[in-house]
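Undergrad: Please take these sequences and the hints and turn them into a complete structure.
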Amino acid sequence: MTTARLPLFPLNAVLFPGLVLPLNVFEERYRAMMRELLKTADDEPRRFAVVAIRDGRETAPTDTGMPAVTHTRAERGPADGFGPDPVQTFHRVGCIADAAKIRERPDGSFEVLATGTTRVKLLSVDASGPYLTAELEELDEEPGEEAGALAEGVLRAFRAYQKRLAGASERSLTTGADLPDDPSVVSYLVAAAAVLDIPSKQRLLQAPDTATRLREELTLLRSETAVIRHLPSLPAVDLTRTPTHPN
-19 MTTARLPLFP LNAVLFPGLV LPLNVFEERY RAMMRELLKT ADDEPRRFAV VAIRDGRETA
41 PTDTGMPAVT HTRAERGPAD GFGPDPVQTF HRVGCIADAA KIRERPDGSF EVLATGTTRV
101 KLLSVDASGP YLTAELEELD EEPGEEAGAL AEGVLRAFRA YQKRLAGASE RSLTTGADLP
161 DDPSVVSYLV AAAAVLDIPS KQRLLQAPDT ATRLREELTL LRSETAVIRH LPSLPAVDLT
221 RTPTHPN
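Residue 22 in the numbering used here sits at position 42 of the sequence shown, and the numbers go up by one each step.
Simulated from the structure, these hints should not be mistaken for lab results. Certain hints may be false.
When the alpha-carbon atoms are kept at most 27 angstroms apart in a straight line, the in silico DSS-like pairs for lysine-lysine are as follows [claimed, not checked]: (1) K101 with K81; (2) K81 with K19; (3) K143 with K19; (4) K101 with K19; (5) K181 with K143; (6) K181 with K81.
TA: Below you can see the structure in the form of structure tokens.
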């Protein structure tokens, strides 16, 4: 069992391995985290863990990403807004992020561009420092049975889903050349791109193996495509645009 202790960044979003995560960091506890990450040697990854906040478990008002801006933001402790036992407020499976870019702005906030790398299981949360840290267990990605065949079916279903979502007259959001061959990469790409709620995305992240994730995606994509077929007025959604999550 490989474990690690890393800074913890909770979000109202699910991060998948291989997916890019832009962050707009302006709350002091997360500024402190970024300042510490900037001390990492140039040849070392600047890693932190991202976990999704459970629906209804936040104890402070929230914007997209993190608790909302207030005049007393700089005075908030590392666990403020997450209840007396933060580990109960977060989903137990998250993803390590590697920050390729951390740029400090003149006002002290940060622009961050990170990429998901490895799934992790949340073991414990420490709120004794200036920001949350967590003890994490890295999770292996097992292929499962018939992952290759399932990936092909998911890609076909995903293309049909895209066409229904974007409208037949619009350009396809992803060309065939853009789509990967590796089943695990396919599973994470589709999980991130599909318009699903956080609990659905979280279930996909914590699937025990790639084949299980692909099977669930196939069911979800067929179901969502059928729903969209009966809602012709549904507005088009750009699946390739990743939102910036403010904290």
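Undergrad: Honestly, which of those hints from before does the structure not fit?
TA: 3
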